[in-house]
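**Q** Chains as they are written, first to last, in my numbering: chain B, 1 to 666; chain G, 1 to 205.
Just so you know, these hints were derived from the structure itself, not from any lab. Incorrect hints may have been included.
[Said to hold, decoys possible] One-sided excerpt, in silico: chain G residues whose CB lies under 10 Å from chain B: (1) Ala-22; (2) Asn-23; (3) Ser-25; (4) Arg-27; (5) Leu-33; (6) Ile-40; (7) Val-59; (8) Ala-66; (9) His-135; (10) Thr-137; (11) Ile-142; (12) Tyr-144; (13) Thr-159; (14) Leu-162; (15) Arg-170.
[Stated by the list, open to error] With the Cβ distance kept under 10 Å, some of the chain B side facing chain G (calculated, not the full set): (16) Arg-93; (17) Ile-261; (18) Ala-262; (19) Ala-264; (20) Val-269; (21) Thr-273; (22) Pro-277; (23) His-321; (24) Gly-328; (25) Phe-340; (26) Tyr-341; (27) Phe-605; (28) Asn-606.
[Unchecked claim] So the derived label-pair ranges between C-beta atoms look like this: (29) B/Val-384 with G/Ser-85: 36 to 44 Å; (30) B/Ile-70 with G/Val-43: 19 to 27 Å; (31) G/Arg-102 with B/Leu-222: 51 to 59 Å.
Values in this document were obtained by computation on a predicted structure and should not be read as measured data. Just so it is clear, CB atoms sit at the ideal spot from N, CA and C, and this is done for glycine as well.
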Amino acid sequence: MSTAVLQHPPPTTPQRRPLAAKLKAPGWYRVLWTTPLGFGLCYGLVTGIRAVSGYTPVLSGKAITTTSLIGVPFAFLIGLGAFDYWFYWAAGRRTRPEDHSGHGAHSWRDYFRVNTDHKVIGIQYVVNSFFFFLVGGLLAELMRAELASPGAQFMSANSFNELFSVHASLLIFLFIIPVFAGLANFVLPLMIGAPDMAFPRLNALSFWLLPIAGIMMVASFLAPGGAFSTGWTAYAPLSTNVPLGQTFFTIAVQFAGASSIATALNFLVTIITMRAPGMSFFRMPLLVWANFSTSLLVVIATPFIAASQFLVLLDRALGFHFFDAGSGGNVVMYQHIFWFYSHPAVYIMMLPGFGIVSEVLSVKARKPIFGYRMMAFSLLAIVVLGFTVWAHHMFTSGMQAWIRIPMMITTAIIAVPTGIKIFSWLATLWRGILRVDTPMLFVYGFLTMFTLGGISGVMLAMIPIDIHVSGTYFIVAHIHYVLFGGSLFTIFAGVYYWFPKMTGRMYDETLGKLHFWLTFIGFNLTFGPMHILGLQGMPRRVADYASKFAGLNLFISIAAFALGLSTFVFLYNVISSWRGGPRAGANPWRALTLEWQVSSPPPVFNFDTIPTVVGGPYEYGVQDAVHGIFQPAVSAGGGSGGSGGAAGVGGGGDGPAGTAHGPARE
Amino acid sequence: MEAASVSIPVEHDDHHHGPPEANRSSRVDPQLLGMLLFIISEVMLFAAFFTAYFFLRVVNHDAWPAKGTSLPIPVAGTNAAILLSSSLTMHWALTSAKGGNRRGMKTGLLMTFLLGMTFLTVQINEYVHIGFAPHDTAQGSIFYGLTGLHGAHVFIGLTLLLFANVRAFRGHFSPEAHRGVEIPGIYWHFVDIMWVVVYSTVYLL
Ligand code: HEM
Ligand SMILES: [Cu+2]
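Using the sequences and the hints given, assemble the complete structure.
**A** Right under this line is the structure:
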């Protein structure tokens with residue numbers, strides 16, 4: 001495997017191209033005219049239709065905005081060049097031969113292009129997600145400022161509703177879900193020995209849908225009547241009756257959802273059809289398994305939230321009556337459709353994290369994952385069971401009472417595969433040679449905090465308890481223990497773990513540890529007391545509260561500010577290390593999985609030759625264990641599965657990782 | 001000792017400027033698999049609309065169709081026949097493409113496209129004359145919701161077919177390379193089957 005990054009001449013962008021050429025070529029210049037043109041078309045279309053069919057007034061800001069929210073993003077994408085290839089293809093014209101100019105990034109500008117390299121896209125995803133993480137976090141701090149004492153401080157009740165709605169929607173749809181997809185985008189093809197994703201152009205398109213969705217959600221603050229204010233759950237008929245800002249949510253979710261589905265499809269096809277020779281399903285790293293399971297969930301479940309928002313949009317924009325009980329509509333139906341997506345979605349937000357934890361834990365404990373197959377099967381069990389529990393969010397909704405007991409039972413059962421995973425990780429730690437650095441600290445944080453969140457989850461599954469605390473801060477505590485203590489901690493673990501691979505630089509370990517401890521302590525001080533508040537009956541999603549809750553709320557607000565500050569440690573560390581950190585070697589963690597066997601950052605095309613996999617991915621501490629080799633395996637290289645020898649001859653060169661790895665025991 | 005990888009030094013090929021050929025770990029064609037997965041998610045989208053239908057019709061126990069309205073079962077039935085026959089022409093186009101019969105392929109594709117257009121025209125005509133609007137009742141909403149969702153899929157299918165037609169008439173596709181006929185074809189069959197489901201539940205049941 002050659003470490004020499006395949007150097008391409010920088011893409012042919014002569015500095016002084018005539019303006020006309022710039023305006024025609026895909027990119028931001030073209031965006032400058034396609035986007036207004038798109039708006040003009042939407043404006044004309046709506047106004048024309050209204051004039052022809054005799055609606056008054058002919059000029060309707062609402063109708064124009066709704067249509068533009070759908071149309072303008074496409075105009076933008078066309079300008080940027082996300083569809084160019086397909087247009088050529090569809091028109092039967094000669095598609096330009098792949099010159100690989102869409103691969104690799106030569107300067108920061110290349111991150112603002114439609115780039116088809118999965119590594120560039122991975123970084124685009126991660127950076128974009130963290131941007132919205134910061135915006136969402138800022139909104140949370142504003143909320144905590146309002147909640148620092150009872151009564152109104154500096155905002156109206158409705159502004160508060162807007163804040164928590166946009167906060168949750170950004171963090172769920174624009175941070176947790178896509179950041180996992182971003183990390184996997186970067187490492188998954190490397191891990192399975194593929195040169196790229198199966199559909200690189202679709203991959204690029206999936207990314208560019210995300211900033212659109214995010215900007216739309218944030219832009220809703222500018223809408224007359226304010227941002228959407230119905231929570232991330234957007235229950236009808238509330239959501240069909242609030243001002244225009246809600247439409248921004250309804251449509252933004254479609255873009256984020258389409259992005260999710262396209263990426264999931266891409267992952268599934270990549271995993272199924274592009275594994276290296278010898279990499280049978282049971283030799284795949286658990287991160288790959290985790291994204292396989294997540295992608296199944298996304299492909300099957302996400303259409304449900306798309307549908308729920310289509311129905312709301314039809315009610316809002318065209319006067320349909322899906323949720324209007326007076327005309328024969330049904331409001332509980334919204335919740336069924338929404339939760340049939342959104343319960344599986346909580347696993348969409350967690351399973352990739354499970355994968356990250358397995359990778360980090362095994363490497364840092366220098367031990368094989370305990371019960372590898374059980375780990376894979378429990379992921380699949382969660383996928384299946386995840387579709388059987390949705391109504392546990394609806395115990396107090398007034399749905400048919402008989403649904404409750406079965407849902408309680410299935411919800412309790414789904415904790416079993418989750419528990420299996422927790423115990424497997426603990427068993428992996430058992431007698432391991434632990435290296436407790438930043439990624440590992442975050443894994444520890446995850447193990448403890450997620451377990452607490454899981455326990456409050458099982459409490460909530462019990463109907464009587466749920467009826468008591470549903471709609472209180474107990475739910476807020478549960479959500480944040482699973483999503484912050486669970487998902488976000490694994491995200492941090494993953495970002496630190498793959499930081500050297502993605503950037504070629506090492507982060508600062510001391511700052512990393514500081515970040516962990518500040519986050520860990522700040523997190524518990526912020527969200528721990530919310531359990532108590534909830535049990536005492538403080539309702540969630542309300543700007544004001546009874547004075548008996550004042551003490552704890554002030555405490556929580558102070559803790560929340562400290563927690564917010566801890567993010568700056570992370571930002572400083574990441575930015576300064578990326579710019580000037582010490583060079584990281586190819587394999588600083590002495591890991592076995594394939595992404596660590598190429599240089600850091602990896603070469604443009606990942607591999608010169610596709611490696612051959614001859615053993616499991618986690619054989620740490622096992623004598624003479626090998627996972628992948630960079631030579632054509634003769635007669636299936638001692639392993640089962642796979643088509644040995646298919647790896648193509650040639651390639652080679654000095655493996656950056658080489659054979660020489662320190663002894664298993666430190 | 002654990003070795004992350006063993007590699008044998010082989011002379012590096014400096015002229016190697018593209019990505020290495022990916023290993024094919026499955027016999028399934030990637031594009032085909034992608035289309036099948038996409039269809040699964042489309043089926044789920046319909047499933048969600050059918051959930052709405054289920055709640056409005058079964059759980060709510062309301063009259064179907066709403067009092068004072070009726071559904072043009074024969075018209076929609078004729079439309080079903082049109083759409084189903086377009087599946088046959090589609091199949092013909094694909095078999096011809098595989099067999100190297102360009103004329104058959106082009107005629108098949110064109111007929112499929114025209115039949116699909118006919119379907120849409122009939123459906124729009126049906127909307128115009130049906131006598132109730134989506135904003136009259138919830139039954140009206142879900143009627144238009146489901147048939148409209150299906151209509152939108154016919155439209156997507158037609159767009160794909162249009163591409164296939166353009167490419168076919170511009171001389172693309174051969175017995176070896178006919179994915180551009182096959183993949184839209186699969187989608188088209190899905191759209192057809194979906195109409196059978198929508199027609200039976202909305203009109204017949
Ligand atoms: C052992 C596993 C879990 C169980 C048994 C469980 C159970 C529950 C129950 C019963 C509720 C409904 C509470 C109510 O609204 O009255 C709930 C809410 C919630 N859970 Fe979990 N949960 C589990 C794990 C998770 C995980 C892993 C996540 C995400 C990573 C998660 C995210 C959420 C969210 C976001 C809500 C609140 C939704 C809302 O109303 O806004 N849960 N959970
Ligand atoms: Cu749930």
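**Q** Now, for every hint given, state plainly whether the structure supports it.
**A** Hints and how they fare:
1. Ala-22: Since chain B brings a Cβ to about 5 Å from G/Ala-22, closer than 10 Å, the hint holds.
2. Asn-23: Holds, about 5 Å.
3. Ser-25: It holds, given that the least Cβ distance between G/Ser-25 and chain B is near 4 Å, below 10 Å.
4. Arg-27: Interface hint status for G/Arg-27: holds (9 Å vs cutoff 10 Å).
5. Leu-33: Hint on G/Leu-33: holds, closest Cβ of chain B at ~5 Å, below 10 Å.
6. Ile-40: holds (6 Å)
7. Val-59: Interface hint status for G/Val-59: holds (6 Å vs cutoff 10 Å).
8. Ala-66: This hint holds: G/Ala-66 lies near chain B, its Cβ roughly 7 Å from the closest one there, short of 10 Å.
9. His-135: holds (4 Å)
10. Thr-137: With a minimum Cβ separation of about 5 Å from chain B (threshold 10 Å), the hint on G/Thr-137 holds.
11. Ile-142: At about 7 Å, which falls below the 10 Å cut-off, the nearest Cβ of chain B leaves the hint on G/Ile-142 intact, so it holds.
12. Tyr-144: Where the cut-off is 10 Å and the nearest Cβ of chain B is about 7 Å from G/Tyr-144, the hint holds.
13. Thr-159: Status holds, d = 8 Å.
14. Leu-162: holds (8 Å)
15. Arg-170: For G/Arg-170, the interface hint holds, since the closest Cβ of chain B sits about 4 Å away, which is under 10 Å.
16. Arg-93: holds (8 Å)
17. Ile-261: holds (5 Å)
18. Ala-262: Because about 9 Å separates B/Ala-262 from the closest Cβ in chain G, which is inside the 10 Å limit, the hint holds.
19. Ala-264: B/Ala-264 check passes; min Cβ-Cβ to chain G is 8 Å, inside 10 Å.
20. Val-269: holds (5 Å)
21. Thr-273: holds (5 Å)
22. Pro-277: Interface hint status for B/Pro-277: holds (5 Å vs cutoff 10 Å).
23. His-321: B/His-321 check passes; min Cβ-Cβ to chain G is 4 Å, inside 10 Å.
24. Gly-328: Check passed: Cβ of B/Gly-328 comes within 3 Å of chain G, closer than 10 Å.
25. Phe-340: holds (8 Å)
26. Tyr-341: Since chain G brings a Cβ to about 8 Å from B/Tyr-341, closer than 10 Å, the hint holds.
27. Phe-605: holds (4 Å)
28. Asn-606: With Cβ-Cβ at 7 Å, under 10 Å, it holds.
29. B/Val-384 with G/Ser-85: 36 to 44 Å: At roughly 39 Å between Cβ atoms, G/Ser-85 and B/Val-384 fall inside 36 to 44 Å, so the hint holds.
30. B/Ile-70 with G/Val-43: 19 to 27 Å: holds (23 Å)
31. G/Arg-102 with B/Leu-222: 51 to 59 Å: With Cβ atoms ~55 Å apart, the hint holds.
The structure is consistent with each of the numbered hints, conforming to all of them.
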